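Enquirer: What follows is the residue order along each chain.
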Amino acid sequence: MDNASEDRPAIEFRNVSYFLGNGSALLHNLNLEVRRGETLVLLGKSGSGKTTTLKLINRLLTPSAGEVWVDGRSGSQWEVIGLRRRIGYVIQETGLFPHFTVEQNISLIPKIEKWPAVKIQARVRELMQLVALEPELAKRYPRELSGGQRQRVGVARALAADPPFLLMDEPFGALDPLTRSELQREFLALQKRLRKTVVFVTHDVREALLFGTRIALMEAGRLVTIQDKHGFLNSREPLIVAYREAFDTGSSLERCP
Amino acid sequence: MNVWQFMLQNRSEIVELVLEHLWLVGASTFLALLMGIPLGILITRWPRLNKPVLGSANIIQTIPSLALFGFLLPAPWIGARADRLAILALMLYAFLPLIRNTYAGIRGVDPAVVEAGRGMGLTDGQLLFHVELPLALGVIIAGVRVATVISVGLATIAAAIGAGGLGEYIFRGVAMVNNAVILAGAIPAAAMALLADVGLGWLEKRLSPH
Numbered sequence: 001m002d003n004a005s006e007d008r009p010a011i012e013f014r015n016v017s018y019f020l021g022n023g024s025a026l027l028h029n030l031n032l033e034v035r036r037g038e039t040l041v042l043l044g045k046s047g048s049g050k051t052t053t054l055k056l057i058n059r060l061l062t063p064s065a066g067e068v069w070v071d072g073r074s075g076s077q078w079e080v081i082g083l084r085r086r087i088g089y090v091i092q093e094t095g096l097f098p099h100f101t102v103e104q105n106i107s108l109i110p111k112i113e114k115w116p117a118v119k120i121q122a123r124v125r126e127l128m129q130l131v132a133l134e135p136e137l138a139k140r141y142p143r144e145l146s147g148g149q150r151q152r153v154g155v156a157r158a159l160a161a162d163p164p165f166l167l168m169d170e171p172f173g174a175l176d177p178l179t180r181s182e183l184q185r186e187f188l189a190l191q192k193r194l195r196k197t198v199v200f201v202t203h204d205v206r207e208a209l210l211f212g213t214r215i216a217l218m219e220a221g222r223l224v225t226i227q228d229k230h231g232f233l234n235s236r237e238p239l240i241v242a243y244r245e246a247f248d249t250g251s252s253l254e255r256c257p
Numbered sequence: 001m002n003v004w005q006f007m008l009q010n011r012s013e014i015v016e017l018v019l020e021h022l023w024l025v026g027a028s029t030f031l032a033l034l035m036g037i038p039l040g041i042l043i044t045r046w047p048r049l050n051k052p053v054l055g056s057a058n059i060i061q062t063i064p065s066l067a068l069f070g071f072l073l074p075a076p077w078i079g080a081r082a083d084r085l086a087i088l089a090l091m092l093y094a095f096l097p098l099i100r101n102t103y104a105g106i107r108g109v110d111p112a113v114v115e116a117g118r119g120m121g122l123t124d125g126q127l128l129f130h131v132e133l134p135l136a137l138g139v140i141i142a143g144v145r146v147a148t149v150i151s152v153g154l155a156t157i158a159a160a161i162g163a164g165g166l167g168e169y170i171f172r173g174v175a176m177v178n179n180a181v182i183l184a185g186a187i188p189a190a191a192m193a194l195l196a197d198v199g200l201g202w203l204e205k206r207l208s209p210h
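Those sequence lines, one after another, are chains C and L. Residue 149 in this note's numbering sits at position 149 of the first sequence, and the numbers go up by one each step. Residue 95 in this note's numbering sits at position 95 of the second sequence, and the numbers go up by one each step.
Hints were generated in silico from the structure; no laboratory data involved. Please read these numbers as outputs of a predicted model, since none were measured by experiment. Quick reminder that beta carbons are idealized off the backbone N, C-alpha and C, glycines included. Heads up, some of the hints might be wrong.
Partial pick of chain L residues on the chain C-facing surface, computed with a CB cut under 8 Å [claimed, not checked]:
1. V113
2. G119
3. G125
4. Q126
5. V131
6. L133
7. G138
Using the sequences and the accompanying hints, generate a full structural model.
Expert: Laid out in structure tokens, this is it:
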């Protein structure tokens, strides 16, 4: 990366809208910046446009209007495969390749990019250690793993070619509460070390406050507000207040015997 | 004379007819694979072609086999030899299960897996060969199995246009009102269909990813 691009936002949405074929809008005129090395959480209900926003970054969707800039280049200036190889992608359902072992899942992109075999092996070992997977699991198939292990493989696979960006779509949403909080803690530690630019989608306020350098609150295809943790906790914005109240109720309920 | 005596007496002719039958089925299925699987892949990429392609294959399937053999008779080069004609007709019949299963197999791959593959930057070709085809292989082989079993049965009718195969005995037996002769054609044909079914069924199970 050249130094000039370090100053620009890592990802930038400029007047981005996304319409379905029937004309209904999933995203209205979104303007958003993601800073280098931060974790930006997109928080919102289902249908608020957070997943759409995420998929516009790696061009699984193409904006109907406006442009998404990544690394100082607009979407149309990027060659789409090259763009995606710079962006790790983790989804709730993991999307692991069921016919590949853990090792093969993690090493697919390095293999396609023709890394030498020795380097691939070392990388797989390194990544499995990074996401706390026992080395014995390398030869297992996804169906032989627990939900938490599968999601760890998903994260390791996304990190395989060391992309500077990471997009995560409710990665821990389908896990049981204990496994979820274990993975959340580990991911937090991991992110402190790796300093990737992360865009993280969730509907869970607790998760948003845990990971978010900043939190972008979305509602019905629009960005309502974007706040850092402190701002989010003190905002008078009615929707944030509503989220906070739901969260407070939740946590006080948990405090009950 | 019962069927076993008849078959024993005419064993060299039966071997010849079995080989002819295998040729008709093998060549037509092979050609159908060569075209049907790419067509099935094509319609997953261009959904607009889905209806015309599957529709045509469907219509071909509804043409009575004897009529199809007849329709193809005037075709140049093909019509010159009965076995070419039979192979063409059998190939056309094999299209539907092959195209349909290839399409269904690829479309049946878990959307999350496809999305993850695209999202990580696989090209369409890489997605097809590393992910979609391996995962669809079981369903595709199931289509090959259906196509082959149908073809073994249909190939008996090819004898009506002089293409040979085990249908020779069946037609001759019907003309002679001789069950032994009919069975001498029908039993090996049935055995062949069963073998193809079991063999491809085994392959289907082995190549299914789960």
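Enquirer: It remains to establish, for every hint, whether it holds in the given structure.
Expert: Evaluated hints:
Here the hint on L/V113 is kept, as its CB sits about 5 Å from the closest CB of chain C, short of 8 Å. At about 4 Å, the closest approach between the beta carbon of L/G119 and any beta carbon in chain C falls short of 8 Å, and the interface hint on this residue holds. At its closest, the beta carbon of L/G125 sits 11 Å from a beta carbon of chain C; the interface hint therefore is violated under the 8 Å criterion. Restraint check, L/Q126 versus chain C: the minimum CB separation of about 6 Å is within 8 Å; hint holds.
Residue-level restraint check for L/V131 holds (minimum Cβ-Cβ distance to chain C is 6 Å; threshold 8 Å). Look at L/L133: its Cβ only gets to about 10 Å from chain C, farther than 8 Å, so that hint breaks. Taking 8 Å as the C-beta cut-off, the interface hint given for L/G138 is violated, the closest approach to chain C being about 10 Å.
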